[in-house]
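Visitor: Listed below are the residues making up each chain.
Number of protein chains: 2
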Amino acid sequence: MVRDRYPSLLLEQAIDAFAKLPGVGRKTAMRFALHVLRQDEEEVDGFVRAIGTLRHEVKYCRVCHNLSDRDVCDICGDKQRDRGLVCVVEGVRDVMAIESTQQYNGLYHVLGGVISPMEGIGPGDLEIDSLVRRTQEEPVREVILALSSTMEGDTTGYYIWRKLQSTGVKLSIIARGIAVGDELQYTDEVTLGRSIKDRTPFTGVQ
Amino acid sequence: MVRDRYPSLLLEQAIDAFAKLPGVGRKTAMRFALHVLRQDEEEVDGFVRAIGTLRHEVKYCRVCHNLSDRDVCDICGDKQRDRGLVCVVEGVRDVMAIESTQQYNGLYHVLGGVISPMEGIGPGDLEIDSLVRRTQEEPVREVILALSSTMEGDTTGYYIWRKLQSTGVKLSIIARGIAVGDELQYTDEVTLGRSIKDRTPFTGVQ
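Keeping their order, the protein sequence lines are chains U and W.
If you use this note's numbering, the first sequence corresponds to residues 1 to 206, in order.
If you use this note's numbering, the second sequence corresponds to residues 1 to 206, in order.
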């Protein structure tokens, strides 16, 4: 591929920068750069400041390791929440997804990833030791695994199960079954088998 | 729509910033922000610097108004180019597109947009007066209109034609016809009609 000849080195450098964002190719990066040129200088300064500030000043909650502006995040600091429940998730987005269901009132523990030999991520790179410590030092009744239903997620769940066995804390995993709104005939057989095996008592309403 | 509750104000501000880029929604902006958090601080500083520098330090060529790192751009400064030809385009991307054809050896004139009453862009917002001045002060033989084949592009072309009539400079427009590789039966009738009307002598090779 012939590399485009840009009229300005500054433009080329900005395009290089934007093209490093995930899923952004050089055409989109060019569109972003030309957009920046159409903005007021103050607007661009605000844009740049928001991103620099995020990287330099963001904190992670020292209890659950979720993103936070303070030492302890709003969820861990909330006295209304059930402190006996800890839901283990991979990342920030999972916390937001579960929070938006409004079905959970416990705390979280953000691992910062899942075990993935392919990407060179081992247990030591994740917040697993701090999870074990937490179950010992805090009044944790139950740990809920809410990881992706992938090989990496399952491996991580198994590793945590091994680590928590000796602590005596109850370990559960979120239900796997057919998605709400899905048709039975289009559900894959592994999921369908799982949903039959893990059937729950029916009480007339869903 | 319920607005997501973000765990960190800094994260939310960075997402707000990214979501202002064209075509970027809040989900993509979130992905960008989490990507930023995974980068080294130096990398993020470099990203931010490239964008800030582009906005603050970019120049526009004082002859053709294309983006440039110097007062006069590389194309206008190139003594090998035919200074009697000026190709009028809407923006930077058009210059790059024509340059990549390697079929043009003249100079350019970047209008910075096209006349668009809908968007409040009038002739005074564009580099049209400077084009007229250029045809009078420089040895310009021919002005080539290379604008989009839209109502706005046609309006702008017509306006420039009116302005240049008294100067006596030759005005031409890039050919409109069926695209190379296109099948005749799928070409719209306006384009096809135009391509018959503007037929060119056939010399055995294309």
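Source of the hints: derived by calculation from the structure; they are not laboratory data.
Only a predicted model underlies this, so the values are computations on that prediction, with no experimental measurement involved.
Any given hint could turn out to be false.
It does not matter which identical chain is meant; a pair holds if it fits inside one copy or across any two.
Derived BS3-like pairs: lysine-lysine, alpha-carbon spacing no greater than 30 Å straight-line [as the list claims (entries may be wrong)]:
(1) Lys27 with Lys59
(2) Lys197 with Lys163
(3) Lys27 with Lys197
(4) Lys20 with Lys197
(5) Lys163 with Lys20
(6) Lys59 with Lys197
(7) Lys170 with Lys79
(8) Lys163 with Lys27
(9) Lys20 with Lys59
(10) Lys79 with Lys163
(11) Lys79 with Lys59
Visitor: Against this structure, judge whether each hint is valid.
Guide: So, going through the hints one by one against the coordinates:
Taking the shortest alpha-carbon separations for Lys27 and Lys59, only the inter-copy value of 21 Å comes in at or below 30 Å, while the best intra-copy value is 34 Å. Taking identical chains as interchangeable, the C-alpha atoms of Lys197 and Lys163 lie at most 30 Å apart only when both belong to the same chain, with a minimum of 26 Å there against 80 Å between chains. Taking identical chains as interchangeable, the C-alpha atoms of Lys27 and Lys197 are never at most 30 Å apart, the minima being 50 Å within one chain and 35 Å between chains. Within a single copy, Lys20 and Lys197 get their C-alpha atoms no closer than 45 Å, and across copies no closer than 47 Å, so neither meets the 30 Å cut-off.
For a Cα distance limit of 30 Å, the shortest separation of Lys163 from Lys20 qualifies neither inside one copy, at 38 Å, nor across copies, at 44 Å. Taking the shortest Cα distances, Lys59 and Lys197 never come within 30 Å of each other, neither inside one copy (42 Å) nor across copies (68 Å). With identical chains, the CA atoms of Lys170 and Lys79 are at most 30 Å apart within one copy only, with a shortest distance of 22 Å there and 79 Å across copies. With identical chains, the CA atoms of Lys163 and Lys27 are never at most 30 Å apart, being 48 Å at best within one copy and 34 Å at best between copies.
Proximity of Lys20 to Lys59 under the C-alpha cut-off of 30 Å is found in both arrangements, the shortest distances being 24 Å within a copy and 24 Å between copies. Taking identical chains as interchangeable, the C-alpha atoms of Lys79 and Lys163 lie at most 30 Å apart only when both belong to the same chain, with a minimum of 28 Å there against 73 Å between chains. In this homomeric assembly, Lys79 and Lys59 come within 30 Å of each other (Cα to Cα) only inside a single copy, at 21 Å, whereas the closest approach across copies is 56 Å.
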